[in-house]
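Engineer: Each protein sequence line maps, in turn, to chains A and B.
Numbering-wise, the first sequence is residues 7 to 272 according to my numbering.
Numbering-wise, the second sequence is residues 10 to 160 according to my numbering.
Hints are not guaranteed to be accurate.
What the hints assert, rightly or not - Using 27 Å as the maximum straight-line C-alpha spacing, the simulated DSSO-like pairs for lysine-lysine come out as follows: (1) A:Lys66 / A:Lys30; (2) A:Lys102 / A:Lys164; (3) A:Lys13 / A:Lys30; (4) B:Lys13 / A:Lys272; (5) B:Lys64 / A:Lys161; (6) B:Lys18 / A:Lys164; (7) A:Lys161 / B:Lys18; (8) A:Lys11 / A:Lys30; (9) B:Lys148 / A:Lys272; (10) B:Lys13 / A:Lys267; (11) B:Lys41 / B:Lys148; (12) A:Lys263 / B:Lys13; (13) A:Lys67 / A:Lys161; (14) A:Lys102 / A:Lys30; (15) A:Lys164 / B:Lys13; (16) A:Lys102 / A:Lys71; (17) A:Lys164 / B:Lys125; (18) B:Lys64 / A:Lys272; (19) A:Lys30 / A:Lys67; (20) A:Lys161 / A:Lys102; (21) A:Lys30 / A:Lys15; (22) B:Lys148 / A:Lys161; (23) A:Lys272 / B:Lys41; (24) B:Lys41 / A:Lys164.
Quick caveat, the hints were computed from the structure, so don't treat them as lab data.
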Amino acid sequence: MDKLKAKLKEWLEAGEITLAIGYKQGTREARPFFCRTAEDVEQMVFSNDFQPNLAVYLSKKEVVKDEKVAIVCTISALRSIAYLARENQIGQSQYKIIHLSPNDELMIFRSPWDIDAYIEEIPSTPSEEDRRVIEMLDAMTPSERWAWWAAQFSKCIKCYACRAACPMCYCTRCIVDNNRPQWIDPWASPLSNMEWQINRVMHLAGRCVGCGACGAACPEGIPVHLLNRKILDNIEENFGMPAGIAPREGAVLNTYKPEDKENFIK
Amino acid sequence: MDNKDFEPKIIAFVCNWCTYAGADLTGTSRMKYASNVRVVRFPCTGRIDFMLLLKAFAQGADGVIVSGCHPNDCHYTAGNFHARRRWIVLRGLMDFLGIDIRRIRFSWVSAGEGAKWAQLVNEHVETVRELGPYEDYKKAADYLKEGVYNG
């Protein structure tokens, strides 16, 4: 941690960066911290388990435009940056990407493309609690699952915090912001809440890194990230693409193989 | 519940080049098949957005058929390959959400397979007839009528 702070201070003092995005201690949990002076760097804290995923700010032009940015990344944020680079959302050496590995080693990535070699060694896995809930749901009958999700979605207030927290949800006009046609009713209702989640998850299929920031951001505590996790499992099973690693040949739903296997098209 | 007299409403999303022509052949060959199906023609299975399937259910369909050219026969070379990946992912997600995926039938029907189309429709009508009306989805969709806005 001291090495990371020293590096950020050095950069800020030398004017190599004007903004360092990291975490500081909040009331209960860590929260994002926008740091502009060497003194402020002292308040920074870090753990690879922290939420939200800070890579989300890199796709928000109002935050990073005209700034020289260093970003303190968890492993999940590194994955997101690798995906953003693949989707041409991040330039070659636009940002200073800084990371503390789980064994406390300071890592600085000059380019998003250098991240791949590091994260390929670390599988993206769900928490034990998430795995437990997914297994519980898998064991249910479809109508029980329907009832379980209906109860969860009934809490939804359509704040779109799940969208705002996601680094990959960077469309300037999301499907729910378009009203010609109005695909999904904008108010909270059983149907539109479910349709919104299906759309969010399908549009992230093969792009989601499984960081869980969407579920962590939900003010109602709906575990929407489980839907993403389910798709990640599904993709790994059917197409052999491991979760959290940007496939070199392109996103899962943008590519195909003639030999893709299924058992339901008859 | 006895669904013997239930006539399911089936929406079929088909591609212009194979299955639509196949269904046309069924008609010109004077083959009889269940009249429960409403066919919607698309340029390609690759064009069939997953939202269209959801909208069909929301607007009262009890079952859905999705069909297009066999792999390697796509008029646009790869539309059906892309669609296939999409359905694999979507199907897993729908099942996880508890949506009854037995109500969605995926198939490949070429322009020469008029008989297959008739059989496909007949089979699916029977499947859905046994399952009965899709009450769960209708209840979620009809919240305005029911006066339930959330939950």
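Engineer: Going back to the hint list, which numbers does this structure go against?
Structural biologist: 2, 6, 7, 9, 10, 11, 12, 13, 15, 17, 20, 24
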